[in-house]
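These protein sequence lines map, in sequence, to chains G and U. No gaps in the numbering here: position 297 of the first sequence is 278 in this note's numbering, and each next residue is one more. Convert by adding 33 to the 1-based position in the second sequence; the result is the number in this note's numbering.
Since the hints were derived computationally from the structure, they do not count as laboratory data. Built from N, CA and C at the ideal position, the CB exists for glycine as well.
Computed list of lysine to any residue pairs in SDA-like fashion (alpha-carbon distance at most 25 Å, straight line): (1) G:K94 - U:Q243; (2) G:K271 - G:F249; (3) G:K94 - U:F249; (4) U:K224 - G:L117; (5) G:K94 - U:R246; (6) G:K338 - G:V232; (7) G:K94 - U:L231; (8) U:K224 - G:P118; (9) G:K338 - G:G256; (10) G:K109 - G:R95; (11) U:K224 - G:Y60; (12) G:K94 - U:F245; (13) G:K94 - U:W242; (14) G:K297 - G:E207; (15) U:K224 - G:V40; (16) G:K271 - G:P334; (17) U:K224 - G:F39; (18) U:K224 - U:F249; (19) G:K94 - U:R241; (20) G:K94 - U:N240; (21) G:K338 - G:F249.
Far from chain U, by Cβ distances over 10 Å, these chain G residues were calculated: (22) L107; (23) G112; (24) K246; (25) Q261; (26) L339.
With the C-beta cut set under 10 Å, the calculated list includes, among others, these residues of chain U facing chain G: (27) D227; (28) D229; (29) L231; (30) R241; (31) S244.
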Amino acid sequence: MTDGVSAGHLELVGLSRHFGDTLAVDRVSLTILAGEFVTLLGPSGSGKTTTLMMIAGFVRPSAGEIHLAGRPITRTPPYRRNVGMVFQNYALFPHMTVFNNVAFSLEMRGIRKREIAGRVGEALDLVKLAGYEGRLPRQLSGGQQQRVALARALVFNPPVLLMDEPLGALDKKLREHMQLELKRLQAALGLTVLYVTHDQEEALVLSDRIAVMNHGRIEQVGRPPELYETPANDFVAAFIGESNFFEATLVDRLDARWVAETPKKLRFVVPDRDGLRLGQHVRLSLRPEKVAVEHGTGSDYAGVVEETIYIGGVTKLMVRLEDSDETVTLVRLNSTGLPAIRRGDQVRLGWDPADVKLLASRSEETR
Amino acid sequence: MTAISRVAGSIVDARPWIRAWEAVAERDGLRRLLLVLPTLVVLLVLFVAPLTAILRLSLLDPAPTARHYLEVVTNPTYLHVLGITFETAALVTLLCLALGYPLAYVMATVPGRLAGVLIILVIVPFWISVLVRTYAWMVMLGRGGLVNTLLLRLGVVEEPLRLMHNFVGVLVGMTHVLLPFAVLPMYSVMKNIDRDLLRAAENLGANRWQSFRRVFFPLSLLGVVSAAALVFVSALGFFITPALLGGPRDVLLSMLIERQVNDLTNWGFGSALAVVLLGLTLLVLIVFRRFLGTAAWGSVVEGR
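Build the full structure now, drawing on both the sequences and the hints.
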């Protein structure tokens, strides 16, 4: 501990990185508390891996500072940073046994052979790979290699664990299994983890907090429900989960609410918020699962089912509204006893006005 | 990778050929056999037939006899030449590896464009005849050659050094000619070492030297062994360069064979020497192959 800041406390301050003319990472500031699981989520090329590489010390920041446990490490060489890392394709040393892979960091630290054997054994127990010490990486399955990589990154008790899409190479079933196991380990050991992924579902499952990145910048940081329920802008709303987006203009005011209208004359009631004025252009988001549906006609939101997509537990419906010609996507649980809705059916839609979210339109946002 | 480095890679990387061969062996053999047939015929006519002829000559000239082989094994002169041949090949191999490893390392680690330039510099000599290159060395190393002139002018030496028509000349010339054969296989293997492995090593606490010694070097050994095999086997049968740059005492097996056939028209004995050289070369290859098998992924180095 230094200056009363605990060992796992990681702080990024205005971190930027240019590659030639392109700005790969643009003034990223983020604080990760000790024991927290934070995920950098974004599409490829959003700068999340570059950010991780700067923390590990493989990429030199063009500007900004990195503090670990209150100590600046921006100019510390990688081998003295004492930061654990799990690489995308594990990067296990192919010429070394599992034991030697895991023991490597301890040998580099000059720890005695007997102690090394004990600690490697503990680390392999932790990832349930005891007994595999003598195998070479190529003799292991993908999931097992993943566990070795984790044991290798944990064995020297690093204050922070960096993970670069570590589950990307595994199939879906194994990935979900490893997610739960990772979560269990993190909680049991009180690990501080900074995780990188482009998979929004994985981010939601694992993280205490998520930082959504796009074009090198952090768009929004928050707990998973915050990001999903109140996305700051249309990028976040589109990247985490699915949504219906509408461009609309505020055309009327009723008490503490606004009426917004799309160019095709579909009307929404929107809760009031500071800074809204009549005639303002807004962007609206409505999550598909917030839309209720039933057979029938004669409402403002009546329409015809254009498409049904069966996805196991739910069915996705696309409904074209009669009055406005807008299309609304919704999902419906396939519960027993509910009447089936088929393509061509006449239906009525409904939703709680509170579920219609106003987004900061990024074109209007000041950068 | 640049186009040239890709070409260089495919020249020395035997894996595609092995894979192609496995495909031939696996799937509908006959149609593929037809594709191989022209090459097979050429090999039979130009390679297998002459070899058989040489083998026959060594045993049947002038009458069925084993005396040519007995002569090779019992005459100390010929054993001595055999010794010199192996010694020269071994020294040239060591020199090529010592000079080639750092060069290959730089080629595999510098950024793209510079690597391309270096590869061209390594490959260009391939396109120049060995004879021309050897004569160039004679101009360089002679009594009044470039090297001696320079040394005399600078006052480093007072009399010209003997740099050729001796063992030094042989080593310099052969090392120069064979260096690309050492550099390219090592470069190809080094280029394929995953950079994340070196990052992982550094992340785990290894400094530059430690990550080189514990990770990069063991993984590059595969290339070192292929390079050594290629250079050593080529050096065993070298003729032009040692003949022109060597002295009267630097007689290699290939030169002995040439003398037997051209000067003494002793076809039987010349053939026997050729068969011995071929046999020893194959033996060396087998030894290297075994080594190559165990050195794959350096399990020899890091095994516990």
